[in-house]
Amino acid sequence: MKIFTLSEEPIIPTKRIDYVGALNQEQLEAVTHGDGACLVLAGAGSGKTRTITYRVAYLLEQGVSPSSILLLTFTNKAAKEMRERIESLLGIKANGIWGGTFHSIGARILRHGATQVGYEPNFSILDQEDARSLVKAVMKDMSIDPKLRRFPTAKVVMDVISFARNTQTSIQDTLDLKHPSFLELSGDIEEIAHQYQTRKKLANTMDFDDLLTNLAILLDDPTIGGQIANRFQYVLVDEYQDTNALQARIVHGFARVHRNIFVVGDDAQSIYAFRGADVKNILGFPKEWDDVRVFKLLHNYRSSPEILNVANESLTNNVEQFEKDLIGTRDHGSKPNLVPCASSAQEAKYIAEQILAIRQQGTALSHIAVLFRSSSHAGQLEFELTKRDIPYEYRGGMRFFERAHIKDALAFLRIYENAKDEIAWLRVLHLQTGIGAKTASRIMQSLRGKESVEEACSTELTLGARAKSGLAEFVSIMQPVIAAARFPAAMIRAVLTSSYREYLEREYPNYTDRIDDIEQLAIFAESYENMTDFLQDLALYDEVLATRDESGGEKMDEERLILSIIHQAKGLEWDTVFIIHLSNQSFPSRRAMLEEKGIEEERRLFYVATTRAKQRLFLTYPMTIGHDSLMFVEPSIFVEEIPSRLLERVELREAPSEYGRKKRANTNAWEGGWQEPSIQIGRDGERYINPPSKATKWKSETRDDSGAKPRSFLSSIEDL
186 MKIFTLSEEP IIPTKRIDYV GALNQEQLEA VTHGDGACLV LAGAGSGKTR TITYRVAYLL
246 EQGVSPSSIL LLTFTNKAAK EMRERIESLL GIKANGIWGG TFHSIGARIL RHGATQVGYE
306 PNFSILDQED ARSLVKAVMK DMSIDPKLRR FPTAKVVMDV ISFARNTQTS IQDTLDLKHP
366 SFLELSGDIE EIAHQYQTRK KLANTMDFDD LLTNLAILLD DPTIGGQIAN RFQYVLVDEY
426 QDTNALQARI VHGFARVHRN IFVVGDDAQS IYAFRGADVK NILGFPKEWD DVRVFKLLHN
486 YRSSPEILNV ANESLTNNVE QFEKDLIGTR DHGSKPNLVP CASSAQEAKY IAEQILAIRQ
546 QGTALSHIAV LFRSSSHAGQ LEFELTKRDI PYEYRGGMRF FERAHIKDAL AFLRIYENAK
606 DEIAWLRVLH LQTGIGAKTA SRIMQSLRGK ESVEEACSTE LTLGARAKSG LAEFVSIMQP
666 VIAAARFPAA MIRAVLTSSY REYLEREYPN YTDRIDDIEQ LAIFAESYEN MTDFLQDLAL
726 YDEVLATRDE SGGEKMDEER LILSIIHQAK GLEWDTVFII HLSNQSFPSR RAMLEEKGIE
786 EERRLFYVAT TRAKQRLFLT YPMTIGHDSL MFVEPSIFVE EIPSRLLERV ELREAPSEYG
846 RKKRANTNAW EGGWQEPSIQ IGRDGERYIN PPSKATKWKS ETRDDSGAKP RSFLSSIEDL
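The opening position of the sequence shown corresponds to residue 186 in my numbering, with each subsequent residue numbered one higher.
Note that these hints are calculated values from the structure, not bench results. Treat the hints with care, since some could be wrong.
Okay, derived cross-link-like pairs now, SDA-like style, lysine to any residue, Cα gap no bigger than 20 Å in a straight line [to be verified]: (1) Lys325 to Gly621; (2) Lys321 to Arg633; (3) Lys653 to Gln664; (4) Lys799 to Leu725; (5) Lys332 to Thr286; (6) Lys799 to Glu833; (7) Lys262 to Glu758; (8) Lys592 to Lys509; (9) Lys278 to Ala292; (10) Lys340 to Tyr304; (11) Lys363 to Thr618; (12) Lys386 to Gly281; (13) Lys465 to Val477; (14) Lys592 to Val477; (15) Lys653 to Thr624; (16) Lys605 to Lys635; (17) Lys534 to Lys262; (18) Lys755 to Asp373; (19) Lys340 to Thr390.
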């Protein structure tokens, strides 16, 4: 039998690219002189994608075989977009290029090299749900049941195992970093990881982490790895600052023969350490490779010079970084506004009013974004937007009041308010160890007719040992809730300091964020003096959202304001951006302040947020938290680091309320009625509330006979 090998069809462009006309000098240098080891530091809005796609097109024009080019990205969408741009530039199909995510490239290569790592070529790939199910099965076989003992759920265990593999660290080190209270369980979790790995091999299946780990093993092999690396003459990597230890190892393996490694990224936008990304990969790149050429893309095409001045100034405070200042190419605009607010409620009110004003001036809602460090910071604003009927799209998870842990906390309060609330009972009973759906239903039947939660908690029920223990756990949570005596904020904090906190840690990898969410719920609840108003307003809020969703969101010509956590906003841009809750302990976060180098990543996060804005940037923060017992908070260190000359400070003043004018005749409230307290700086430099103490007195003296607050949020159809 004769064998005839078909030669690869060469790429013959139908267009000639005018590189000088299409690229600035910085981009042109990187595109045309990118052989060897090259680091392209692409500042925000500097044309990163443009540079890497033109580099690939340039290689093809020079006659480089498409199959010898490897382009690694973090999303399939990015790979597809780059391929389409390359084809548009050349006028032909760019077939043969190896382009895709680390995982997709790994799967493609492992189909040919699976036997070298102990698998058959027809291996199956487990998605995340399948992987969790297998971990759960392993735990069951080991007689580990989080419902029976203090042990993390399969979801948390899976997260620990995955993080350890991607960061190339041990289970114990991962627990110490992410779940220190589970350190004593490290032996059990290591055994789960071992059995999980064994079961996967027996079933000829790989999870997503295996695709990377096994690819790295192949590349490390002197013979096989050398053959793979020899195939790829040019290796290009997008968003290199987001690589973890395992991915950096893979990149090195691919490029070890020809050593034409072209990585594009920005150390100033490395913000995913919580996922395992390591900024040291990009910072250490010049030391890892010989004769590295560093190209800096500094011309920013997105933001006004005034916005870039703030971003550049903030970043100068980081120590571990490549020095670079973005250069603005847009016309000059207004200075970013710094807006201190008396409270979170006033902050939300200001933002809502500004958004309406900006829209009135001609900017669509979809071109306006409100960014925040944590989802917990958006709750007050979501209420205000709903009150004013401003439609919004939430990115980065569910709306604040729709999250499971928020509904859990509220369910305990609903039971206190209405002991016959069967839905709330079933929700909280399902949270307890030893209580499943059937047992919860049986308990609920036994408690029907009880007039108060105290009566229900003292009722003797015939239950098995496990269910009895679970019910006792529920009672232990409810007792301090009951003792909080109808004050919503205190009752929420009672839930948060109970065994429910341990439930969150067992159940969720991001349990600390959920704890922060519930604390923000408590802060929000401090503006309510009774349970009825609080729960009623939340129910009305849900009804408004449901009605809007059913109507297809056809408010304001179907425009929607964007609300997003900053991590979700990376790579995006808007005409106008609000960065909110810029107070210490919020942004930067409390945890970041305690971690080595944590503050530097938080500052990079602030930099990413500021550089999302094109024309207008607003920086806001509340000066107090709480309501009846106000606590002062300092502005974020990131705000204080910015020279005052770069910002326009905005002083907020509350207009006198119509309600206050009507009530002056029969109360001793100050002129103008109830207002958000403003903050005054005394001669001693301390902050004081003005008026000093009349707010609380005014509120207590203007209650109606029913005991309801006169200005309950969302308390009437007109408010909605």
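Outcome of the hint check:
With a C-alpha separation of about 17 Å, the suggested pairing of Lys325 with Gly621 holds against the 20 Å cut-off. Taken as a hint, the Lys321 and Arg633 pair is broken in the structure, with Cα atoms around 35 Å apart against an allowance of 20 Å. Between Lys653 and Gln664, the direct Cα distance comes to roughly 16 Å. Compliance with the 20 Å bound is thereby established for this hinted pair. For the suggested pair Lys799 and Leu725, the alpha carbons sit about 36 Å apart, so the restraint of at most 20 Å is broken.
As the CA atoms of Lys332 and Thr286 are separated by approximately 38 Å, the hinted pair breaks the 20 Å bound. For the hint pairing Lys799 with Glu833, the CA-to-CA distance comes to about 17 Å; that is within 20 Å, so the pair holds. The suggested pairing of Lys262 with Glu758 holds, with an alpha-carbon distance near 17 Å, which does not exceed 20 Å. Annotation: proposed proximity of Lys592 to Lys509 is violated, straight-line Cα distance about 46 Å (limit 20 Å).
Taking the CA atoms of Lys278 and Ala292, the gap is near 24 Å; set against the 20 Å cutoff, the hint is violated. With a C-alpha separation of about 26 Å, the suggested pair Lys340 and Tyr304 falls outside the 20 Å cut-off, and the hint is violated. Note on Lys363 and Thr618: the hinted pairing is violated, with a Cα-Cα distance of about 24 Å set against a maximum of 20 Å. With a C-alpha separation of about 32 Å, the suggested pairing of Lys386 with Gly281 is violated against the 20 Å cut-off.
With a CA separation close to 16 Å, the supplied pair Lys465 and Val477 stays within the 20 Å bound. About 53 Å separates the Cα atoms of Lys592 and Val477, which puts this hinted pair outside 20 Å; it is violated. Restraint check: the Cα-Cα separation between Lys653 and Thr624 comes to about 10 Å, which is no more than 20 Å; the hinted pair holds. The straight-line distance between the Cα atoms of Lys605 and Lys635 is roughly 7 Å, inside the 20 Å bound, and the hint therefore holds.
Taken as a hint, the Lys534 and Lys262 pair is broken in the structure, with Cα atoms around 37 Å apart against an allowance of 20 Å. Of the supplied pair hints, the one linking Lys755 and Asp373 is violated, its CA atoms being roughly 38 Å apart against a limit of 20 Å. For a cut-off of 20 Å, the pair hint linking Lys340 to Thr390 stands: about 19 Å separates their Cα positions.
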